[in-house]
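Chains H and Y supply the protein sequences, listed in that same order.
Quick note on numbering: the first sequence equals residues 1 to 94 in my numbering.
Quick note on numbering: the second sequence equals residues 1001 to 1240 in my numbering.
Calculated directly from the structure, the hints in this document are not laboratory data.
One or more of the hints may lead you astray.
[As the list claims (entries may be wrong)] Example chain Y residues on the side facing chain H (calculated, C-beta under 8 angstroms, incomplete):
1) 1026
2) 1027
3) 1031
4) 1034
5) 1135
6) 1138
7) 1142
8) 1202
[Unchecked claim] Below 25 angstroms or equal to it, Euclidean Cα-Cα: the simulated BS3-like pairs (lysine-lysine) are:
9) H:67 x Y:1124
10) Y:1127 x H:67
11) H:77 x H:67
For every residue, glycine included, the Cβ atom is placed at its ideal position computed from N, Cα and C.
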Amino acid sequence: MKQEWPLFEVFIRGQHGLSHRHVGSLHATDAEHAIQNARDVYTRRKEGISIWVVPAAEITASSPDDKGSLYDPADDKVYRHPTFFDIPDDVGAM
Amino acid sequence: MSVIGLIRMGDNALVLGQRLSEWCGHAPALEEDIALANIALDLIGQTQLWLGLAAMRDGSGQTADTLAYTRDAWDFRNLLLVEQPNRDFGVTMMRQFLFDSWHFEALSALTTHADTDISAIAQKSLKEVTYHRERSTDTVIALGDGTDESRVRMQSALDRLWPYMGEMFTQDADDLTDMTLLRTAFDAHVMPALDTATLTPPDSTFAHQGGKNGTRHSEHLGHMLAVMQSLPRSYPDATW
Chain H
1 MKQEWPLFEV FIRGQHGLSH RHVGSLHATD AEHAIQNARD VYTRRKEGIS IWVVPAAEIT
61 ASSPDDKGSL YDPADDKVYR HPTFFDIPDD VGAM
Chain Y
1001 MSVIGLIRMG DNALVLGQRL SEWCGHAPAL EEDIALANIA LDLIGQTQLW LGLAAMRDGS
1061 GQTADTLAYT RDAWDFRNLL LVEQPNRDFG VTMMRQFLFD SWHFEALSAL TTHADTDISA
1121 IAQKSLKEVT YHRERSTDTV IALGDGTDES RVRMQSALDR LWPYMGEMFT QDADDLTDMT
1181 LLRTAFDAHV MPALDTATLT PPDSTFAHQG GKNGTRHSEH LGHMLAVMQS LPRSYPDATW
């Protein structure tokens, strides 16, 4: 096929209460077609109860080249983790 | 009740399921390949239910497998439509659209059948077939109202398969429900979809017959069964 269908990213919610998770991508002619294809490709084994599809071209992604300025400044700020707080025993597992 | 009506439902699903599985690895897009294989597997699953019930009711020691794998073409009771070869993707999807549209109405009628084994199979199958029909309808519309070439192919597929439509609405005492009553609802789904697809139904009511009563299957069925049955016929005791 010379003309590829547009690429869609697929998000599936596994069960009530959980959030949608990215499961992969597929090609489809439009969004409705993408939902049908996602049903066939990604929910064959009862993986989900809700499907989102998003045109891959509509996703704005961070650039790997920016990882220094985006993530490194957090390296020496361990106090942002809540590990410095004493957890009362009554709280139990967190 | 004769088991022929059960065998008809099972053979339709079996023969079309086998036909669709011939696309496995060959469909025009990966996603379509998986979708066709899924639908084929749905149909084979339905076959096990219908032929399994037929074998049980028949009581002569048959099983769903022996019915599927040891009968010859003249013992099959499927519609002529479903044994037609795949040819191109357009013919395959048009055949699917016409069959799904009939299948949906037939199963809907059978969900209220007095025999609870029959109504249970119909209720389970209808969920799958509702999706089959949605998918094939969308595909026929997309390809009919698509490019110049896809439109020509879909119109040619419709012209080719039209004479195989009438047999679906013929009726005899073996049928599980009155098939003639399904036509109105069938037309109410099919005709607007063809119109949206910019396709023109042929101006003919001629209908090939002889599939569901086994008197005149097309030459294609024997070739298909030869492939489908070769392993169990060559190795009758083969197991997984």
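Hint check:
no., hint, verdict
1, 1026, "13 angstroms, violated"
2, 1027, "11 angstroms, violated"
3, 1031, "4 angstroms, holds"
4, 1034, "5 angstroms, holds"
5, 1135, "6 angstroms, holds"
6, 1138, "7 angstroms, holds"
7, 1142, "6 angstroms, holds"
8, 1202, "27 angstroms, violated"
9, H:67 x Y:1124, "52 angstroms, violated"
10, Y:1127 x H:67, "48 angstroms, violated"
11, H:77 x H:67, "16 angstroms, holds"
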